[in-house]
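Undergrad: These are the residues of each chain, in order.
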Amino acid sequence: RKEVEQDPGPFNVPEGATVAFNCTYSNSASQSFFWYRQDCRKEPKLLMSVYSSGNEDGRFTAQLNRASQYISLLIRDSKLSDSATYLCVVRAGGYQKVTFGTGTKLQVIP
Amino acid sequence: DAGVTQSPTHLIKTRGQQVTLRCSPISGHKSVSWYQQVLGQGPQFIFQYYEKEERGRGNFPDRFSARQFPNYSSELNVNALLLGDSALYLCASSLQGMGTEAFFGQGTRLTVV
Chain A
1 RKEVEQDPGP FNVPEGATVA FNCTYSNSAS QSFFWYRQDC RKEPKLLMSV
51 YSSGNEDGRF TAQLNRASQY ISLLIRDSKL SDSATYLCVV RAGGYQKVTF
101 GTGTKLQVIP
Chain B
1 DAGVTQSPTH LIKTRGQQVT LRCSPISGHK SVSWYQQVLG QGPQFIFQYY
51 EKEERGRGNF PDRFSARQFP NYSSELNVNA LLLGDSALYL CASSLQGMGT
101 EAFFGQGTRL TVV
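Quick mapping for you: the protein sequence lines, in order, are chains A and B.
If you're matching positions, the first sequence starts at 1 in the working numbering and goes up one per residue.
If you're matching positions, the second sequence starts at 1 in the working numbering and goes up one per residue.
Keep in mind that the hints are not guaranteed to be accurate.
[Unchecked claim] In silico lysine-lysine, DSBU-like type, Cα no more than 35 Å apart, as pairs:
#: 1; chain 1: B; residue 1: Lys52; chain 2: A; residue 2: Lys79
#: 2; chain 1: A; residue 1: Lys42; chain 2: B; residue 2: Lys13
#: 3; chain 1: A; residue 1: Lys45; chain 2: A; residue 2: Lys105
#: 4; chain 1: A; residue 1: Lys42; chain 2: B; residue 2: Lys52
#: 5; chain 1: A; residue 1: Lys105; chain 2: B; residue 2: Lys13
#: 6; chain 1: B; residue 1: Lys30; chain 2: A; residue 2: Lys45
#: 7; chain 1: A; residue 1: Lys2; chain 2: A; residue 2: Lys105
#: 8; chain 1: B; residue 1: Lys13; chain 2: A; residue 2: Lys2
#: 9; chain 1: A; residue 1: Lys2; chain 2: B; residue 2: Lys30
#: 10; chain 1: A; residue 1: Lys79; chain 2: B; residue 2: Lys13
#: 11; chain 1: A; residue 1: Lys42; chain 2: A; residue 2: Lys2
#: 12; chain 1: B; residue 1: Lys52; chain 2: A; residue 2: Lys45
#: 13; chain 1: A; residue 1: Lys105; chain 2: A; residue 2: Lys79
#: 14; chain 1: B; residue 1: Lys30; chain 2: B; residue 2: Lys52
#: 15; chain 1: A; residue 1: Lys42; chain 2: B; residue 2: Lys30
#: 16; chain 1: B; residue 1: Lys52; chain 2: A; residue 2: Lys2
What the hints contain is simulated information worked out from the structure, not anything from laboratory work.
Throw the hints in and build the complete structure from the sequences for me.
TA: Below, the structure is given as structure tokens:
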């Protein structure tokens, strides 16, 4: 089993739709969780950290379920500019290695 | 303020050669991490350095090495290049470790022929 697993997609959704991505992780000692966004042939950029209580940033909502070991990202009212690959990132404590998922590709269509 | 800068942006090397990639973190950031991203995959963690010491290492062979300098810039060295080393090499800078927000450079695209 991979340490961090994501559905690679692609997810093709119309503008204005709501879309959700899940990410599962295998290391129960994982402590920090993030969603990054990566545009084609560009570097990843931090979208949001994921907190135990869940957190929201505008149209984006992130949730963490430690019992089931997954995190989710919900995007509401999708925009064309949301088209990108969304990377789930998990870190164990201290200076332990950071593990990226393979990414989920989102394509928002007019 | 300048972001994370990496050099060179593109590089072509021959199998068996050695390569050095460079990264300058954001001013004030003391941690630099290196990642390898193969097309269609997520970035794979190679090294993390904080305050000039190696703090974390991923599952990469000893052909990969790195160091961090007093000004917090960093170099990634890869010896005895293989075709499979062809990838985008990303450097990430953060105040401390990855528990804090990390910023990526644009990457160095290495092609081994």
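Undergrad: Each of the hints needs a verdict: does it hold here or not?
TA: Hints versus structure:
1. The straight-line distance between the Cα atoms of B:Lys52 and A:Lys79 is roughly 42 Å, outside the 35 Å bound, and the hint therefore fails.
2. Note on A:Lys42 and B:Lys13: the hinted pairing holds, with a Cα-Cα distance of about 22 Å set against a maximum of 35 Å.
3. With a C-alpha separation of about 15 Å, the suggested pair A:Lys45 and A:Lys105 falls inside the 35 Å cut-off, and the hint holds.
4. This hinted pair checks out: A:Lys42 and B:Lys52 have alpha carbons roughly 27 Å apart, not beyond 35 Å.
5. With a CA separation close to 31 Å, the supplied pair A:Lys105 and B:Lys13 stays within the 35 Å bound.
6. For the hint pairing B:Lys30 with A:Lys45, the CA-to-CA distance comes to about 19 Å; that is within 35 Å, so the pair holds.
7. For the proposed pair A:Lys2 and A:Lys105, the alpha carbon gap of about 18 Å is at most 35 Å, so the pair holds.
8. Between the alpha carbons of B:Lys13 and A:Lys2 the distance comes to roughly 31 Å, so the proposed pair stays at or under 35 Å and holds.
9. A hinted pair counts as satisfied when its Cα atoms are at most 35 Å apart, and A:Lys2 with B:Lys30 qualifies at roughly 30 Å.
10. Proximity of A:Lys79 to B:Lys13 is assessed by CA-CA distance (about 40 Å); at most 35 Å being required, the pair is judged violated.
11. A C-alpha spacing of about 25 Å is found between A:Lys42 and A:Lys2, which places the hinted pair at or below 35 Å, so the restraint holds.
12. With a C-alpha separation of about 24 Å, the suggested pair B:Lys52 and A:Lys45 falls inside the 35 Å cut-off, and the hint holds.
13. Simply put, A:Lys105 and A:Lys79 have alpha-carbon atoms about 14 Å apart, close enough for the 35 Å limit, and the pair holds.
14. The straight-line distance between the Cα atoms of B:Lys30 and B:Lys52 is roughly 8 Å, inside the 35 Å bound, and the hint therefore holds.
15. Among the hinted pairs, A:Lys42 with B:Lys30 is consistent with the structure: their alpha-carbon atoms are about 23 Å apart, no more than 35 Å.
16. The suggested pairing of B:Lys52 with A:Lys2 holds, with an alpha-carbon distance near 31 Å, which does not exceed 35 Å.
The structure shown violates the earlier hints numbered 1, 10.
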